[in-house]
Amino acid sequence: GAVVSQHPSRVICKSGTSVKIECRSLDFQATTMFWYRQFPKQSLMLMATSNEGSKATYEQGVEKDKFLINHASLTLSTLTVTSAHPEDSSFYICSARGISGNSYNEQFFGPGTRLTVL
Amino acid sequence: QKEVEQNSGPLSVPEGAIASLNCTYSDRGSQSFFWYRQYSGKSPELIMSIYSNGDKEDGRFTAQLNKASQYVSLLIRDSQPSDSATYLCAVNTYSGAGSYQLTFGKGTKLSVIP
Chain A
1 GAVVSQHPSR
11 VICKSGTSVK
21 IECRSLDFQA
31 TTMFWYRQFP
41 KQSLMLMATS
51 NEGSKATYEQ
61 GVEKDKFLIN
71 HASLTLSTLT
81 VTSAHPEDSS
91 FYICSARGIS
101 GNSYNEQFFG
111 PGTRLTVL
Chain B
1 QKEVEQNSGP
11 LSVPEGAIAS
21 LNCTYSDRGS
31 QSFFWYRQYS
41 GKSPELIMSI
51 YSNGDKEDGR
61 FTAQLNKASQ
71 YVSLLIRDSQ
81 PSDSATYLCA
91 VNTYSGAGSY
101 QLTFGKGTKL
111 SVIP
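Residue numbers (my numbering), protein chains in the order written: chain A, 1 to 118; chain B, 1 to 114.
Since the hints were derived computationally from the structure, they do not count as laboratory data.
Even glycine gets a Cβ: it sits at the ideal position worked out from N, Cα and C.
Please note: incorrect hints may appear among the correct ones.
Said to hold, decoys possible - Non-contacting residues of chain B with respect to chain A, defined by C-beta distances greater than 12 angstroms in every case (computed):
no., residue
1, P14
2, G16
3, S32
4, E45
What the hints assert, rightly or not - Taking CB as the label site, the calculated pair distances span:
no., chain 1, residue 1, chain 2, residue 2, range
5, A, E63, B, G96, 19 to 27 angstroms
6, B, S8, A, L118, 41 to 49 angstroms
7, B, N66, A, K14, 48 to 56 angstroms
8, A, S54, B, R77, 39 to 47 angstroms
9, A, D27, B, G41, 23 to 31 angstroms
10, B, S20, A, K14, 41 to 49 angstroms
11, B, K42, A, L76, 18 to 26 angstroms
12, B, P114, A, S54, 47 to 55 angstroms
Build the full structure now, drawing on both the sequences and the hints.
Right under this line is the structure:
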């Protein structure tokens with residue numbers, strides 16, 4: 001399957017700082033990337049969808065000014081958590097969908113970034 | 001509201017047995033269906049995709065799709081303790097403006113007992 005990387009895998013920061021998470025599709029071009037958040041023992045929650053070169057579409061209840069998403073190329077999307085607070089501590093996972101073999105609908109996940117805000 | 005329903009489990013099966021995981025979905029127009037495996041503390045891993053009615057086999061995994069009944073299942077033969085994980089059923093649903101996104105079930109936790 002296609003490979004999606006995410007960096008960093010783990011970050012601890014102080015309240016009020018901003019954190020940038022990178023998501024890269026390594027062996028395919030990702031026309032669409034998705035950002036999810038998952039709290040312990042809970043389901044994946046879609047935060048936003050981004051298409052290369054256009055603004056992200058945020059899900060209801062997700063603050064677009066707090067969670068800045070940039071999808072500047074077909075292989076890179078970034079999520080910046082601005083002015084992070086302890087309640088933003090979570091597992092952030094990106095996924096990418098593109099043309100990979102014959103299954104363009106398949107969506108592949110990165111390994112996730114565990115954010116802890118002190 | 002487009003929904004994907006799964007039994008949350010836990011589903012416990014003895015090692016070597018067949019594990020059967022089920023999923024129903026509400027959007028009759030859905031065309032793409034996926035099973036992901038998620039180990040605790042890790043991100044989901046795609047293990048099967050299915051697009052046509054019937055069965056699709058890949059190693060010990062068989063996905064089954066019945067669009068008329070809006071039902072998807074995953075069978076795991078010769079279950080191993082390493083198969084213990086949460087299995088997520090996902091359905092590609094139309095979200096408007098030419099876009100599609102995955103709608104996930106809440107997952108079924110599988111425990112394979114040695």
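These are the hints, each one checked on the structure:
No Cβ of chain A approaches the Cβ of P14/B within 12 angstroms, the least distance being about 25 angstroms, so the stated non-interface status holds. Taking the minimum C-beta to C-beta distance to chain A, about 27 angstroms, the non-interface status of G16/B holds against the 12 angstroms cut. Distance to chain A contradicts S32/B as a non-interface residue, since its nearest Cβ pair spans about 4 angstroms, not more than 12 angstroms. At roughly 7 angstroms, the least C-beta separation between E45/B and chain A is not larger than 12 angstroms, which violates its mark as non-interface.
Under the hint 19 to 27 angstroms, the C-beta atoms of E63/A and G96/B, about 21 angstroms apart, fit the expected range. At roughly 32 angstroms, the beta carbons of S8/B and L118/A sit outside the given window of 41 to 49 angstroms. Roughly 52 angstroms separates the CB atoms of N66/B and K14/A, a value that falls within the hinted 48 to 56 angstroms. Our hint of 39 to 47 angstroms for S54/A and R77/B holds, since their Cβ atoms are close to 44 angstroms apart.
A beta carbon spacing of about 25 angstroms between D27/A and G41/B agrees with the range 23 to 31 angstroms that was offered as a hint. At roughly 48 angstroms, the beta carbons of S20/B and K14/A sit within the given window of 41 to 49 angstroms. As the Cβ distance of K42/B to L76/A is approximately 22 angstroms, the hint placing it in 18 to 26 angstroms holds. Checking the proposed 47 to 55 angstroms range against P114/B and S54/A shows it holds: the Cβ atoms sit about 50 angstroms from each other.
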